[in-house]
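Trainee: Protein chains in written order, with the working numbering: chain A, 38 to 489; chain B, 2 to 175.
In short, the hints are calculated from the structure, not lab data. Keep in mind that this is a model prediction, so the values were computed, not measured. C-beta: ideal position from N, C-alpha, C; glycine also. Treat the hints with care, as some may be off.
Unchecked claim - In silico DSBU-like cross-links for lysine-lysine, where the CA-CA straight-line distance does not exceed 30 Å:
1. K31/B - K179/A
2. K106/B - K179/A
3. K107/A - K20/B
4. K59/B - K106/B
5. K35/B - K228/A
6. K228/A - K20/B
7. K179/A - K114/B
8. K106/B - K186/A
9. K33/B - K221/A
10. K118/B - K186/A
11. K407/A - K106/B
12. K27/B - K186/A
13. K41/A - K228/A
14. K228/A - K33/B
15. K431/A - K228/A
16. K114/B - K88/B
17. K221/A - K106/B
18. K172/B - K407/A
19. K179/A - K118/B
20. K88/B - K107/A
Claimed, not checked - Now the stretches of chain B that chain A is said to cover, found in silico as 3 or more residues with beta-carbon under 8 Å:
21. 95-108
22. 122-130
23. 153-163
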Amino acid sequence: MGRKLLLEHINVPGINTFEVYRKKGGYAAVEKALTTLSPDAIVEEVKKSGLRGRGGAGFPTGMKWSFLAKPEGVARYLVCNADESEPGTFKDRYLMTHIPHLLIEGMIVSSFALGAHASYIYVRGEMMPQIRILERAIAEAKNAGFLGKNILGTGYDLELYVQPGGGAYICGEETALLESLEGKRGNPRIKPPFPAIAGLYGCPTVVNNVESIAAVVPIINDGGEEYAKIGLGRSTGTKLISAGGNLKNPGVYEIELGLSCEEFLYSDEYCGGIANGKRLKAVVAGGSSVPILPANLFLKTINNEPRLMSYESLSDGGFATGTMLGSGGFIAFDEDQCIVRNTWNFARFYHHESCGQCSPCREGTGWMEKVLHRLENGHGKMSDMDLLVDVSKKIEGNTICPLGDAAAWPVASAIRHFRDEFEWHVTNASEAVTRNYGLAHYADPLTKAEAV
Amino acid sequence: MLKVENTGAPVSFSPELLKQFDEIVKRYPKGKQKSALLPILHLVQAEYGWVSSPAMDKVAEYLLIQPIEVYEVATFYTMYFMRPQGKYILEVCRTGPCCLVGAEKIMDHIEQKLGVKEGDVTADGLFSWRGVECLAACGFAPVLQIGPEYTFYENLTSESVDQLINDLKKKANN
């Protein structure tokens, strides 16, 4: 049984209210931070914890904080990225729905550490119920003296606001998010300057994911060193994994980083194996943007070592045989699923969500969608696979923001690992259209009984 | 691309609505009132059911920005409707993880049940539907949401969708 730092009290009735959250030790991190620690000491604790950004990129949070410019007389901002839109990822929605005060508490501590006096939680517009939940939680915290003027008599002032998005995946990219928060189209900015120097309204700004900010609470309560003892190597602490697709027990799980992939997938404590007694065919381990892996490469690395749920182990083998932990959006595909159809679906998604600023992404995502559509619908050519790889290579690395890479990787990896399924769609076009599923021979030979 | 003849009747915002706008503008530093644009467009849509061009012009006037600054934003984000919709808009997630567990069948079922194509409004004006991209609820798939409250419905089946549509019809007729 892994340690739970974020979801420890998730099943306590009423934990979404201030009263119950406080009774369970909530807001102790605010008291400790504001009355006994200096802002720099908090940054130091977060650095020591080894916490890496939980939104997908995995950049060390403490280091990001230490880059924040602090010119005299200029406001600084903390913006929480709650624009959770990466297909496969739903942990932030879960956290905000069930334990909103954990995010509020993390925002107060983090804002204090960064010297921000107005902070924003940018929530994707579709999550109106969560926006209402957060607004109520903020009002409760303010009422109890944890927000507003002179918090806990320390002289520190903080106002916290919730900002709705308008429905755009791209606003999960931090500079697009800042544009959107300024009331503009979500077009990512050219970096540098980074938000730490010129972010919201041109002021120094830190943008952090919901889960990263929530993780600051246990880091302050227990100390950075204690937090760093959990996990494996440079993958410290716990991580929320959103498990979906063809699983027996889909849902949000908090794991200690370093848990074996096999245990996570098959043990009843977590996903409980594949639904309906089927076999595992493929896994997308970190949200739709990361490379898809066939079952065997997901469970074991190319060197036949057990694959672990950590930043390092999941990327073992590079993109040739590995993938990424990303946002922890875990999607399992059973033996009946068609990789070509899914790849087309993801390509359509990225085409739909491209902001249109950079031509390689704007045009390339559309080309990939069209070519994949014709493959899936029985009009493909044998040369299409090379064409897709070629287009994906011309998008990757040639755009202002990582959406281009995110669109290119799933296509390139699907062809890398499932090429004969794509070819089968060309050679057996009519069967591919009527049968509507792919080849099963990639599926993991393990049945659930033989596994853990 | 949207084919839009976005006109609509002239609008004047009610004092209650304007008061809500004022509250939102207070969240931002002085002179940064444009930040209120997205939240205000949500309020306008909740009030009128869509965002008409006269409404956008009024928003521009209120925020002291050019109308084009409102148009470019309203057309960029997928949540704002550029033409009238049904009273209830069923938005079904159509992205990969939902499709693994039957979202496409749910959309086919809704199309058949309502008898209108994606984006069209039923004759009684009650319903329209569309597929939308990942709603971040993949563990409870298939899912749909209904604005303006964006109530969420999870683990959909044909039967639960039928039930939902019947309930909404009853609610509308009462």
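Trainee: Now, for every hint given, state plainly whether the structure supports it.
Mentor: Hints versus structure:
A distance of roughly 23 Å separates the Cα atoms of K31/B and K179/A; the hinted pair therefore holds under the 30 Å criterion. Our distance criterion of 30 Å between C-alpha atoms is broken by K106/B and K179/A, whose separation comes to about 46 Å. The straight-line distance between the Cα atoms of K107/A and K20/B is roughly 36 Å, outside the 30 Å bound, and the hint therefore fails. Proposed proximity of K59/B and K106/B is contradicted: the alpha carbons are some 41 Å apart, above 30 Å.
Taken as a hint, the K35/B and K228/A pair is honoured in the structure, with Cα atoms around 23 Å apart against an allowance of 30 Å. At most 30 Å may separate the alpha-carbon atoms for a hinted pair to count; K228/A and K20/B exceed this at roughly 38 Å. About 47 Å separates the Cα atoms of K179/A and K114/B, which puts this hinted pair outside 30 Å; it is violated. With a CA separation close to 53 Å, the supplied pair K106/B and K186/A exceeds the 30 Å bound.
For the given pair, K33/B sits about 12 Å from K221/A by alpha-carbon distance, which is consistent with the 30 Å threshold. Pair hint K118/B plus K186/A does not hold up; C-alpha atoms about 53 Å apart against a cutoff of 30 Å. Restraint check: the Cα-Cα separation between K407/A and K106/B comes to about 22 Å, which is no more than 30 Å; the hinted pair holds. A hinted pair counts as satisfied when its Cα atoms are at most 30 Å apart, and K27/B with K186/A qualifies at roughly 16 Å.
For the suggested pair K41/A and K228/A, the alpha carbons sit about 37 Å apart, so the restraint of at most 30 Å is broken. Between K228/A and K33/B the CA atoms are separated by roughly 23 Å; this keeps the pair inside 30 Å, and the hint holds. This hinted pair checks out: K431/A and K228/A have alpha carbons roughly 21 Å apart, not beyond 30 Å. Taking the CA atoms of K114/B and K88/B, the gap is about 16 Å. The hint holds against a cut of 30 Å.
Proposed proximity of K221/A and K106/B is contradicted: the alpha carbons are some 36 Å apart, above 30 Å. Only pairs whose Cα atoms come within 30 Å are accepted, and K172/B paired with K407/A is rejected, the gap being roughly 42 Å. A hinted pair counts as satisfied when its Cα atoms are at most 30 Å apart, and K179/A with K118/B does not qualify at roughly 47 Å. A distance of roughly 50 Å separates the Cα atoms of K88/B and K107/A; the hinted pair therefore is violated under the 30 Å criterion.
A count of 7 residues in the stretch 95-108 of chain B with a Cβ less than 8 Å from any Cβ of chain A is obtained; the coverage claim is therefore met, three being the minimum. Look at the stretch 122-130 of chain B against chain A: 0 of its residues bring a Cβ nearer than 8 Å to a Cβ of that chain, fewer than three, so the hint is violated. Here's how the stretch 153-163 of chain B fares: 1 of its residues keep a CB closer than 8 Å to some CB of chain A, so the rule of at least three is not met and the hint is violated.
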